[in-house]
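Starting from the known structure of chain A, arrange chain B on it as the hints suggest.
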Amino acid sequence: MIKVENLWKSFPIRRDRPGLKEFIVKSPKFLNDNNNRFWALKGVSFSVIKGESLGVIGRNGAGKSTLLSLLLGVAQPTEGTINVSGNRTPLLDLGAGFHLDLTGTENIIINGVLLGHTEKEMRERMDSIIAFTELGEFINMPIRTYSSGMIMRLAFSIAIHTSPEILLIDEILAVGDESFQKKSSKALLNLLNGGVTTVYVSHNMEAIKKTCVSAIWLEHGEIRAQGETGLVVEEYLKTQG
Amino acid sequence: MQISRRTRQHLDLLKLLVKKEVTLRYKRTYLGFLWSLLNPILTGVVLFIAFNIFMRFEVENFALFIMAALFPWTWFAASMTMSANTLISNVSLIKKVIFPKHFLLLSTIIAQLVNFIFSLPVLIGLTLFYGSAPSLNWLIGIPVLVVVQFAIIYGLSLLISIANAFFRDLEYLVNVLISLLFWMTPVIYPLEAVPEQFRLLLILNPVTYLIQAWRDLFFSNMLNWHNIFVSMITAAVVLLVGLLVFKKLDRKLDEVL
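Chains as they are written, first to last, in my numbering: chain A, 1 to 241; chain B, 1001 to 1257.
Here chain A stands alone, though its shape is the one from the complex:
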């Protein structure tokens, strides 16, 4: 279950990163300089009940990714509150935390533990993860020998095998070649139908309509429309010409 109330998020804007000189001259004051901030989200509120999926649409720079990082907890809201209950699994930037000199197997363990599981839990799941990747003997090679598609497959397999309760997805469904894409879409739909709460950011309106009951349309950090997916998508598409 996710509940977001009056969420604001701003970032400092600077032409140049401040150096030590500025730090000494202005002291830490400028960290809180409110005139010099860009507001990525301006008073966003919504909630997603357990087991439902929310689609998030909008143009580039509308604040969609910022919203996801706040939901994930890697960024803190400037104002407002976020309540997320459940084990969060990001499908944001597949392969974050991979180390190129480690083998596929080693990366499965370390990535799973980073995502909040114990080493033992990951070893128990190892076989099904490896089977899903279809990487064959490559699984015991350092992943610097992998193609980018293979790395994505590995990352995707780990993520869907970590028994997510809250899934945060940022436009990732183009994983691997055609047959793996079908397989990964199917696995994802299985998760969604199996009671996982999902927030799904995408530019693919068909995918959003297929997977999400409701949707929000973000523009310049504000919610422009909110409600049943079909209607929100229709309204959004009208403005896109």
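These aren't lab readings, by the way, just hints derived from the structure by calculation.
Hints may contain errors.
[What the hints assert, rightly or not] Simulated crosslink set (DSS-like; lysine-lysine; CA at most 30 Å straight-line):
#, chain 1, residue 1, chain 2, residue 2
1, B, Lys1101, B, Lys1247
2, A, Lys186, B, Lys1095
3, A, Lys186, B, Lys1096
4, A, Lys182, B, Lys1095
5, B, Lys1247, A, Lys42
6, A, Lys42, B, Lys1101
7, B, Lys1027, A, Lys120
8, A, Lys183, B, Lys1096
Showing chain B alone in chain A's frame:
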């Protein structure tokens, strides 16, 4: 003993990060992990030759005199230089995965501690060579000083790493400051060799006490509680400030990385 799943998970994470740090460093070399042992041995051999054959000082057993302080110093200095970069070089991880960020620092420091522990055989060998032997004092002194130095390094690295995310100049400054500190700490010379009028500078430097405590232990085979106690106070202060600052700036970290 039953430990909670959360603790277990954190221990696993720390273990894996340390393992990654220790083994990956030599991943593409032929000798691999052996380098951790070989490094201090080679340093020892070089210093031994330099100070026993080429340069002779008034101090007895000068090679041991230096190494007794140099190995702990290396742990300190290497951890400092590396931790300045730790948060910045793990941006992709920090921005995409929720996990305790300070584990990155802990694992860097522990990996350097492992290297330091690998230098102990060299110190023991040299001590035996000079005709004395490690005493019970080592069994007490090493764990105590490791904990104290760990706390000092950890506190400082919390400060440096988070400050460097906001003011990237720090990364370059740290290198200069570390080498300044090296010369302002009696690592490769005795405190008594410093002219009287400058000695106050060294006495005001808290690292002096830590390094002297190590040397008293390894070189003179004694526990100097005065030095150890001053170092403990330094550790407590540095750790407290580090934790407070890190906690305060951590909330803003996502905005600057």
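Evaluated hints:
Among the hinted pairs, lysine 1101 of chain B with lysine 1247 of chain B is consistent with the structure: their alpha-carbon atoms are about 11 Å apart, no more than 30 Å. Annotation: proposed proximity of lysine 186 of chain A to lysine 1095 of chain B holds, straight-line Cα distance about 28 Å (limit 30 Å). A C-alpha spacing of about 24 Å is found between lysine 186 of chain A and lysine 1096 of chain B, which places the hinted pair at or below 30 Å, so the restraint holds. Distance check on the hinted pair: lysine 182 of chain A and lysine 1095 of chain B sit about 29 Å apart at the alpha-carbon level, within 30 Å; holds.
Taken as a hint, the lysine 1247 of chain B and lysine 42 of chain A pair is honoured in the structure, with Cα atoms around 26 Å apart against an allowance of 30 Å. Among the hinted pairs, lysine 42 of chain A with lysine 1101 of chain B is consistent with the structure: their alpha-carbon atoms are about 28 Å apart, no more than 30 Å. Distance check on the hinted pair: lysine 1027 of chain B and lysine 120 of chain A sit about 25 Å apart at the alpha-carbon level, within 30 Å; holds. The suggested pairing of lysine 183 of chain A with lysine 1096 of chain B holds, with an alpha-carbon distance near 24 Å, which does not exceed 30 Å.
In this structure, none of the earlier numbered hints is contradicted; all agree with it.
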